[in-house]
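> So the sequences go chain by chain: S and L. Going by the working numbering, the first residue of the first sequence is number 1, and it counts up by one from there. Going by the working numbering, the first residue of the second sequence is number 1, and it counts up by one from there.
It is worth saying that the hints were derived from the structure and are not from the lab. All values reported here derive from a predicted model rather than from experimental measurement. Here a beta-carbon is modelled for each residue, glycine too, at the ideal position from N, C-alpha and C. Mixed in with the good hints there might be a few duds.
[Stated by the list, open to error] Chain S residues, not near chain L, derived (Cβ > 10 Å throughout):
| hint | residue |
| --- | --- |
| 1 | ALA17 |
| 2 | LEU20 |
| 3 | GLN42 |
| 4 | GLY43 |
| 5 | GLN45 |
| 6 | ALA54 |
| 7 | PHE63 |
| 8 | LYS68 |
| 9 | HIS75 |
| 10 | LEU104 |
[Claimed, not checked] Straight line, CA to CA, 25 Å or less: simulated DMTMM-like cross-link-like pairs of lysine to aspartate or glutamate:
| hint | chain 1 | residue 1 | chain 2 | residue 2 |
| --- | --- | --- | --- | --- |
| 11 | L | LYS42 | S | GLU66 |
| 12 | S | LYS108 | L | GLU44 |
| 13 | L | LYS42 | S | GLU64 |
| 14 | S | LYS58 | S | GLU88 |
| 15 | L | LYS42 | S | GLU88 |
| 16 | S | LYS108 | L | ASP86 |
| 17 | S | LYS108 | L | ASP62 |
| 18 | S | LYS111 | L | ASP63 |
| 19 | S | LYS108 | L | GLU85 |
| 20 | S | LYS108 | L | GLU56 |
| 21 | S | LYS108 | L | GLU59 |
| 22 | S | LYS58 | L | ASP71 |
| 23 | L | LYS83 | L | ASP62 |
| 24 | S | LYS58 | L | GLU3 |
| 25 | L | LYS83 | S | GLU71 |
| 26 | S | LYS108 | S | GLU88 |
| 27 | L | LYS42 | L | ASP71 |
| 28 | S | LYS111 | L | GLU85 |
| 29 | S | LYS111 | S | GLU88 |
| 30 | S | LYS111 | L | ASP86 |
| 31 | L | LYS57 | L | GLU85 |
| 32 | L | LYS42 | S | GLU71 |
[Said to hold, decoys possible] What follows is a list of derived Cβ distance ranges for each label pair:
| hint | chain 1 | residue 1 | chain 2 | residue 2 | range |
| --- | --- | --- | --- | --- | --- |
| 33 | L | THR7 | S | PRO116 | 20 to 26 Å |
| 34 | S | GLY16 | L | SER55 | 42 to 48 Å |
| 35 | L | ILE60 | S | ALA53 | 30 to 36 Å |
| 36 | S | GLU64 | L | GLY72 | 35 to 41 Å |
| 37 | L | GLU3 | S | LEU20 | 28 to 34 Å |
| 38 | L | THR13 | S | ASN41 | 16 to 22 Å |
| 39 | S | LEU18 | L | GLU18 | 23 to 29 Å |
| 40 | S | SER9 | L | SER73 | 33 to 39 Å |
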Amino acid sequence: AQSVTQLGSHVSVSEGALVLLRCNYSSSVPPYLFWYVQYPNQGLQLLLKYTSAATLVKGINGFEAEFKKSETSFHLTKPSAHMSDAAEYFCAVSVNYGGSQGNLIFGKGTKLSVKP
Amino acid sequence: EPEVTQTPSHQVTQMGQEVILRCVPISNHLYFYWYRQILGQKVEFLVSFYNNEISEKSEIFDDQFSVERPDGSNFTLKIRSTKLEDSAMYFCASIRGGGAVGTQYFGPGTRLLVL
Chain S
1 AQSVTQLGSH VSVSEGALVL LRCNYSSSVP PYLFWYVQYP NQGLQLLLKY
51 TSAATLVKGI NGFEAEFKKS ETSFHLTKPS AHMSDAAEYF CAVSVNYGGS
101 QGNLIFGKGT KLSVKP
Chain L
1 EPEVTQTPSH QVTQMGQEVI LRCVPISNHL YFYWYRQILG QKVEFLVSFY
51 NNEISEKSEI FDDQFSVERP DGSNFTLKIR STKLEDSAMY FCASIRGGGA
101 VGTQYFGPGT RLLVL
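Work out the full structure: start from the sequences and follow the hints.
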């Protein structure tokens with residue numbers, strides 16, 4: 001079975017500061033990992049995904065995440081926060097069943113606030 | 001850019017009533033999903049659907065729930081007799097499929113309130 005733990009339900013940073021959102025996963029098989037962002041009253045938008053290629057994954061809006069198997073982590077970072085980054089961020093894990101992608105297992109989410 | 005759409009955006013219903021939530025997945029996608037998010041909690045998987053049948057479902061997806069693809073475009077979630085605890089945001093998602101690990105595209109959600 002797979003699971004995801006996101007440390008910190010709320011993270012607050014100043015504009016221009018480093019953003020670090022933590023995600024640890026548990027999976028009995030090689031996982032696929034995702035970060036989604038949810039803006040208020042909107043659906044989930046994919047930021048980036050890890051699919052067993054490069055361990056450092058670059059996504060949209062300047063975000064990136066590094067897959068570390070030894071630490072079972074997939075933390076999301078951005079060097080410099082913008083006000084527009086304020087949203088809720090969800091880490092998710094999935095496995096691939098014979099070519100068809102299984103369902104996503106989500107973490108509880110981290111709400112990011114950006115102070116001017 | 002193609003997107004997943006959902007209707008209605010909000011629905012209020014009385015306990016015990018049936019509701020149908022509608023989704024139009026991206027047109028060339030083959031796998032369809034329903035998730036829900038109870039206020040303040042994580043997004044939870046309900047059911048996946050492929051080739052006109054359920055491929056996987058969670059323990060949440062009991063006999064009160066059903067899914068259907070009545071035509072070539074719509075994908076519906078029916079809750080037969082709603083309970084207070086069914087109040088949540090319901091998201092539809094779709095993916096192209098075909099072997100590569102693709103991206104699940106999510107709709108904007110339907111907020112269901114059961115009174």
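> Tell me the hint numbers this structure goes against, listed in increasing order.
Violated: hints 3, 4, 5, 10, 18, 22, 25, 27, 33 and 39.
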